[in-house]
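Novice: Chain residues, written in single-letter form:
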Amino acid sequence: MQSGYEWDFGVVLQYREVFLRAIGTTLALAVTIIICGMILGLVLYLLRANTWRPVYLLITAIVEVLRAVPPLVLLVWIYYCMPILTGLSLNGFQTGVLALSLYSAAFYSEIFRAGFQSIEKGQIEAAFSVGMTRTQILRRITGPLAFQRIFPPLVSQCVLVIKNTSLAGYIAVAEILYQGQQISIRTFRPLEVLTIVALIFLAIILPLTFLANVLEAKYRKKYFG
Amino acid sequence: MAASMHGTQTTANALLSIRKLRKSFAAIEVLKGIDLDIGRNQVVGFIGASGSGKSTLLRCINFLEEPTAGEIRLEGELIGFSDRGGKHTKLSSGEISRQRRQMAMVFQQFNLWPHKTALENVMEGPLIVQKAPKAEVEERAVGLLKKVGLEDRLHSYPSRLSGGQQQRVAIARALALQPKVMLFDEPTSALDPELVGDVLKVISQLAEEGMSMVIVTHEMHFAHQICDTVVFLDQGVIADIGPADHIFGGTTNKRTLEFLSRYLERNG
Chain A
1 MQSGYEWDFG VVLQYREVFL RAIGTTLALA VTIIICGMIL GLVLYLLRAN
51 TWRPVYLLIT AIVEVLRAVP PLVLLVWIYY CMPILTGLSL NGFQTGVLAL
101 SLYSAAFYSE IFRAGFQSIE KGQIEAAFSV GMTRTQILRR ITGPLAFQRI
151 FPPLVSQCVL VIKNTSLAGY IAVAEILYQG QQISIRTFRP LEVLTIVALI
201 FLAIILPLTF LANVLEAKYR KKYFG
Chain B
1001 MAASMHGTQT TANALLSIRK LRKSFAAIEV LKGIDLDIGR NQVVGFIGAS
1051 GSGKSTLLRC INFLEEPTAG EIRLEGELIG FSDRGGKHTK LSSGEISRQR
1101 RQMAMVFQQF NLWPHKTALE NVMEGPLIVQ KAPKAEVEER AVGLLKKVGL
1151 EDRLHSYPSR LSGGQQQRVA IARALALQPK VMLFDEPTSA LDPELVGDVL
1201 KVISQLAEEG MSMVIVTHEM HFAHQICDTV VFLDQGVIAD IGPADHIFGG
1251 TTNKRTLEFL SRYLERNG
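Line order of the protein sequences matches chains A and B.
Sequential numbering from 1 applies to the first sequence in the working numbering.
Sequential numbering from 1001 applies to the second sequence in the working numbering.
It is possible that some hints are incorrect.
As the list claims (entries may be wrong) - Mimicking SDA-like on lysine to any residue, the simulated pairs with C-alpha atoms at most 25 Å apart in a straight line are:
id, chain 1, residue 1, chain 2, residue 2
1, A, LYS121, B, SER1189
2, A, LYS218, B, GLU1120
3, A, LYS121, B, ARG1019
4, A, LYS222, B, LYS1180
5, A, LYS121, B, MET1220
6, A, LYS218, B, SER1093
7, A, LYS222, B, ASP1152
8, A, LYS121, B, GLN1205
9, B, LYS1131, A, LYS163
10, A, LYS218, B, LYS1146
11, B, LYS1146, A, TYR223
12, A, LYS121, B, VAL1030
13, A, LYS121, B, ARG1022
14, B, LYS1090, A, LYS222
15, A, LYS218, B, GLU1065
16, A, LYS222, B, GLU1029
17, A, LYS121, B, ARG1084
18, A, LYS121, B, ASP1152
19, B, LYS1134, A, ARG139
20, A, LYS163, A, LYS221
21, B, LYS1180, A, LYS221
22, B, LYS1131, A, TYR80
23, A, LYS222, B, LYS1146
24, A, LYS221, B, ARG1153
25, A, LYS121, B, HIS1221
26, A, LYS221, B, GLY1094
27, A, LYS121, B, LYS1146
28, A, LYS222, B, PRO1114
29, B, LYS1090, A, TYR223
Source of the hints: derived by calculation from the structure; they are not laboratory data.
In this text the structure is predicted, and so the values were computed from the model without any measurement.
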């Protein structure tokens, strides 16, 4: 190496307990956001698909705004502006959950829409013709079918959510990137710190996508041989 | 006689009775006033060119399409609407589901659920809709799949079955509901010619057993063989109706004869 930079991970690794706690915070954020975002996304999709025009337009507008606004703006806005406007103030973690759930819900709802629209009308008619109700059809036929088809984009969206949790560091939530920056200020080792941050994200996300690929291959083989 | 000649004389115990039925899609009127009675244990065939309204009529019967005007009754019960107080108000979706269970539909494109095996496709209706005990449903489903000649494909997913096999599963799925009438919407139109025979054989067997059936078909030879009554639809009206031998032999109706001669030209 000609650069003359001497890598030193030793100093940084003294802070491993801080990193471990940060991993816990990041995972807690990600899991909560994924669950809330998916549920909210499904609700947005169902409202948009099944109701009269004013509701459809309202929900469409909400989805479009949430998709277009940068997530960081959403986060800062909820953290600083909402208390001023409504008197309701949330802590950093709650703000992160709310902002990023709303943001990801817009994308989840679009994924659900694509999934449900891809189901052949005939399969729904067949379900009607055996006397199933709308709820039974959603639970037994369209739900499982749509889920199989949207599995890959759904996993991608979850990966994005995990990475977006690092935005919560901006409002001082002690997640991985935020704690990394604190450590790098103390150790003057930003390159080592950021490398470790990247490795931690890889370690979280790669097994997840690997598992997703295995599951996908399994059901493809099962149903479509 | 299976169907009254002009539908004006009401057969008191008709299974299905259709009165002044109209159906429009936007500005296009597809059905322009259909009157028809279908009796129990009868096999009625609908024939006619594409766009004549025969599939729409079938789909109105089990309310996959909502009629624009007129009414359809199954054993006297109005389909899709309540007529209390002389006014037609649409039934709740739960009520409509209950009515649909009595009329099983077999589709041109089979429409099996791809994430369920042959056996699961057949069991789904009785299990989820009728909420019958699983062991009993499974026994019946296996019996039905045996009946359509698929006892060795119980656990196959639809993607592993040929078109003819898929359609026979679809017939078993429809039978599982123990319907009062079976509705077939061009059951062999999507099949390779060599697979048509197996499906027709199953339908013929049902006819022999006295199952009430309404069949939309392009298979004239088949219609002649198994139908008690054949209805020829042309531009949204019943242009000709009568026993199969009449339609395929004795009719003097010009439109029927034209349609049949065009059919013969195409199919030798």
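Novice: What's the verdict on LYS121(A) and ARG1084(B), does the C-alpha distance respect the 25 Å limit or exceed it?
Specialist: Answer violated: LYS121(A) to ARG1084(B) is near 33 Å, above 25 Å.
Novice: Is LYS222(A) within 25 Å of LYS1146(B), Cα to Cα?
Specialist: Holds, at about 23 Å.
Novice: LYS121(A) and MET1220(B) were given as a pair; does the straight-line alpha-carbon distance stay at or below 25 Å?
Specialist: Given that 25 Å is the threshold and the Cα spacing comes to 28 Å, the pair is violated.
Novice: Does LYS121(A) pair with GLN1205(B) here, judged by a C-alpha cut-off of 25 Å?
Specialist: 30 Å, violated
Novice: Verify the proposed pairing of LYS222(A) with ASP1152(B), using a straight-line Cα cut of 25 Å.
Specialist: 18 Å, holds
Novice: Given the proposed pairing of LYS121(A) with VAL1030(B), does the C-alpha separation stay at or below 25 Å?
Specialist: Since the Cα atoms of LYS121(A) and VAL1030(B) sit roughly 21 Å apart, the hinted pair holds (cutoff 25 Å).
Novice: Between the alpha carbons of LYS1131(B) and TYR80(A), is the straight-line distance 25 Å or under?
Specialist: At roughly 53 Å apart (the allowed maximum being 25 Å), TYR80(A) and LYS1131(B) break the hint.
Novice: For the pair supplied as a hint, LYS121(A) and LYS1146(B), is the alpha-carbon distance within the 25 Å limit?
Specialist: Cα-Cα ~29 Å, so violated.
Novice: Has the given pair, LYS1146(B) with TYR223(A), been kept, meaning a C-alpha gap of at most 25 Å?
Specialist: 22 Å, holds
Novice: Against the 25 Å threshold, does the CA-CA distance of LYS121(A) and SER1189(B) hold or violate the hint?
Specialist: 18 Å, holds
Novice: Within 25 Å, alpha carbon to alpha carbon, are LYS222(A) and PRO1114(B)?
Specialist: Status holds; Cα separation ~10 Å.
Novice: Taking 25 Å as the top limit, are the C-alpha atoms of LYS1131(B) and LYS163(A) close enough?
Specialist: Outside the cut-off at roughly 45 Å; violated.
Violated hints, in rising order: 3, 4, 5, 6, 8, 9, 10, 14, 15, 16, 17, 18, 20, 21, 22, 25, 26, 27 and 29; the structure is consistent with all others.
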